[in-house]
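**Q** Each chain, letter by letter, is given below.
Protein chains: 2
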Amino acid sequence: MAEEALPVLVERLQDLCLERGRSVAAAESCTGGLIASLITDRPGSSVYFVGGVVAYSNAVKQALLGVPPGQMHGAVSAQVARSMAVGVRVRLGADLAVAVTGVAGPGGGSAAKPVGLTYVACADAETTEVRRFVWNGDRAANKAATARAALELLIDWCRRPVSAGTAASGADEGSPSP
Amino acid sequence: MAEEALPVLVERLQDLCLERGRSVAAAESCTGGLIASLITDRPGSSVYFVGGVVAYSNAVKQALLGVPPGQMHGAVSAQVARSMAVGVRVRLGADLAVAVTGVAGPGGGSAAKPVGLTYVACADAETTEVRRFVWNGDRAANKAATARAALELLIDWCRRPVSAGTAASGADEGSPSP
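These protein sequence lines are chains A and S, in that order.
For the first sequence, our numbering gives the first residue as 1, with consecutive numbering after it.
For the second sequence, our numbering gives the first residue as 1001, with consecutive numbering after it.
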């Protein structure tokens, strides 16, 4: 199946959020604002998108998103992605939040955390979910792939019943959802 | 003179910041993350770009950037742009910050504040400057024009001597710099 263009995913997300009255926030590390920019390319996005934080430095992840200092030795991890999603949702007062952290490249990779390793997390008031990816593109392609994964995760969440408190996959390397 | 491509401006900004050891933060309303995304498209940007806030709702402008509630009746104003720049610089601990607020369109315009009206502010520890524009493009063109104006303002500031405490134009509708 051919991949849908990013604006098509943005349109779907906006339609779902407006239909269901859900607000959205974003916390971005490796995408550097691309997710928020794609969302706000669409007129009417201000009705459901409250805003986001571009947390490029670890200090910003801690100060603006409340990521615990103890997690920052591994800024690209499922735990940090989860903490970023929970933090931005609460601080910006949104129903739903997405967060991404990864190694966009070309620098910054290691054997344990190669270029392309990316975590995408989603949080609402009751539960969280983290998905793990390893992209193999260049910096621009990895940013776009992460933005796509974030939009797809948000769309999946918006399609779930609002009252479902047990919808999380708990894919966070085996640790339970908070 | 032909306009330079946005990635060329980003390259120039990065070279200047690395050369002069300056860090940068951004607070974006009408650009919705585009400035941060353009900056972080370039490898090595994490050395000087600490991050940003996408303040799409007025609540985020107040909660994350410290914009005074009394200013929020006119979220598109020189005062709000200035408060956003000062707020994001302090909260993210950057040497220099840029902020933008405007009416991207197609909706949201009025006789007093037409579609395209945009304020771009810059702040360092000592001074601030605000520039006013009225773009006449569509939503995408207005976002790109605002991002260009923000990058050009940052580049102008980076070229000034670091010790200059009187460099602001004070173009904020006659009010003095804080």
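A few of these clues could be false.
Claimed, not checked - Chain S regions said to be covered by chain A (calculated; three or more residues, Cβ under 8 Å):
id, segment
1, 1008-1017
2, 1047-1058
3, 1071-1081
4, 1095-1103
5, 1124-1134
Unchecked claim - With beta-carbon atoms standing in for the labels, derived distance ranges:
id, chain 1, residue 1, chain 2, residue 2, range
6, S, 1126, A, 66, 27 to 33 Å
7, A, 90, S, 1110, 16 to 22 Å
8, S, 1011, A, 18, 28 to 34 Å
9, A, 110, S, 1072, 42 to 48 Å
10, S, 1072, A, 43, 18 to 24 Å
11, S, 1161, A, 155, 45 to 51 Å
12, S, 1140, A, 69, 36 to 42 Å
13, A, 161, S, 1005, 42 to 48 Å
14, A, 161, S, 1008, 46 to 52 Å
15, A, 109, S, 1110, 48 to 54 Å
16, A, 107, S, 1156, 42 to 48 Å
Calculated from the structure, these hints are not laboratory results.
Keep in mind it's a predicted model, so treat the numbers as computed, not measured.
No residue lacks a Cβ here, since even glycine has one placed at the ideal position from N, Cα and C.
**Q** Are the hints correct? Go through all of them and say.
**A** Structure-based check of each hint:
no.: 1; hint: 1008-1017; in the structure: violated (count 0)
no.: 2; hint: 1047-1058; in the structure: holds (count 9)
no.: 3; hint: 1071-1081; in the structure: violated (count 0)
no.: 4; hint: 1095-1103; in the structure: violated (count 0)
no.: 5; hint: 1124-1134; in the structure: violated (count 0)
no.: 6; hint: S:1126 - A:66: 27 to 33 Å; in the structure: holds (30 Å)
no.: 7; hint: A:90 - S:1110: 16 to 22 Å; in the structure: violated (33 Å)
no.: 8; hint: S:1011 - A:18: 28 to 34 Å; in the structure: violated (39 Å)
no.: 9; hint: A:110 - S:1072: 42 to 48 Å; in the structure: holds (45 Å)
no.: 10; hint: S:1072 - A:43: 18 to 24 Å; in the structure: holds (22 Å)
no.: 11; hint: S:1161 - A:155: 45 to 51 Å; in the structure: holds (50 Å)
no.: 12; hint: S:1140 - A:69: 36 to 42 Å; in the structure: holds (40 Å)
no.: 13; hint: A:161 - S:1005: 42 to 48 Å; in the structure: holds (46 Å)
no.: 14; hint: A:161 - S:1008: 46 to 52 Å; in the structure: holds (49 Å)
no.: 15; hint: A:109 - S:1110: 48 to 54 Å; in the structure: holds (50 Å)
no.: 16; hint: A:107 - S:1156: 42 to 48 Å; in the structure: violated (29 Å)
The earlier numbered hints that this structure contradicts are 1, 3, 4, 5, 7, 8 and 16.
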